[in-house]
Amino acid sequence: MVYITPALIVGSKDDAKNPPLDLGGLLIVAEEVMANVPSGVPYLRVPLKEFKEADVGGLYQSVQWMEQHTGENPLLVCCRAGMGRSVSVLIAYLCCIDGMSYTDALALVKERRQGAFPLPGLERTIEKVKEWRRDAQTLVRALSPPTPAPNSRKLAS
814 MVYITPALIV GSKDDAKNPP LDLGGLLIVA EEVMANVPSG VPYLRVPLKE
864 FKEADVGGLY QSVQWMEQHT GENPLLVCCR AGMGRSVSVL IAYLCCIDGM
914 SYTDALALVK ERRQGAFPLP GLERTIEKVK EWRRDAQTLV RALSPPTPAP
964 NSRKLAS
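So the sequence shown is numbered by the numbering used here: it starts at 814 and just counts up by one.
It should be emphasised that the hints constitute simulated quantities derived from the structure, not laboratory data.
The structure displayed is predicted, hence computed values, not measured ones.
Just so you know, not all the hints are guaranteed correct.
To be verified - Below, in silico cross-link-like pairs of lysine-lysine (DSSO-like), each with a Cα-Cα straight-line distance of 30 Å or less:
#1 Lys865 x Lys923
#2 Lys943 x Lys826
#3 Lys943 x Lys923
#4 Lys923 x Lys862
#5 Lys826 x Lys923
#6 Lys865 x Lys826
#7 Lys923 x Lys830
#8 Lys830 x Lys862
#9 Lys862 x Lys826
#10 Lys941 x Lys923
#11 Lys941 x Lys865
#12 Lys941 x Lys862
#13 Lys941 x Lys826
#14 Lys943 x Lys865
#15 Lys865 x Lys830
#16 Lys862 x Lys943
Put together the whole structure using the sequences plus the hints.
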């Protein structure tokens with residue numbers, strides 16, 4: 814396991830089988846990896862394909878889940894070796910949630926995780942995830958009931 818930030822850890826299938834107990838959540842991004850999830854630890858499995866272009870839906874789901882489960886305890890993101898799919902998801906999170914540029918997020922992850930090899934087309938896929946997030950926020954605003962102005966008065970009938 815390697816800490817990318819104090820809140821984000823990248824790991825392998827071995828780390829997923831024996832995760833620390835103080836996790837804020839465990840995200841497995843490999844179809845072939847199973848985990849031993851400590852009781853009470855939020856868990857999600859998103860089956861991304863190894864060495865293939867990142868799936869927009871899977872990356873979006875991963876980023877959304879991570880955003881919801883970020884807190885006091887770190888999140889552990891694992892794939893088979895902890896070098897490709899997991900680092901790709903962490904880069905996407907850093908770009909979409911922390912607002913880092915792709916170049917800066919990639920440099921940070923590669924500095925902390927020696928041998929990191931993100932999925933092909935990741936930068937383009939992250940841009941699509943950002944679009945989906947903007948579209949989702951627009952939809953939520955459009956479907957939300959209007960909020961009355963703070964000084965509005967109820968009209969007498």
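Let me make sure I understand: some of the numbered hints might not hold for this structure. Which ones are they, in numerical order? none
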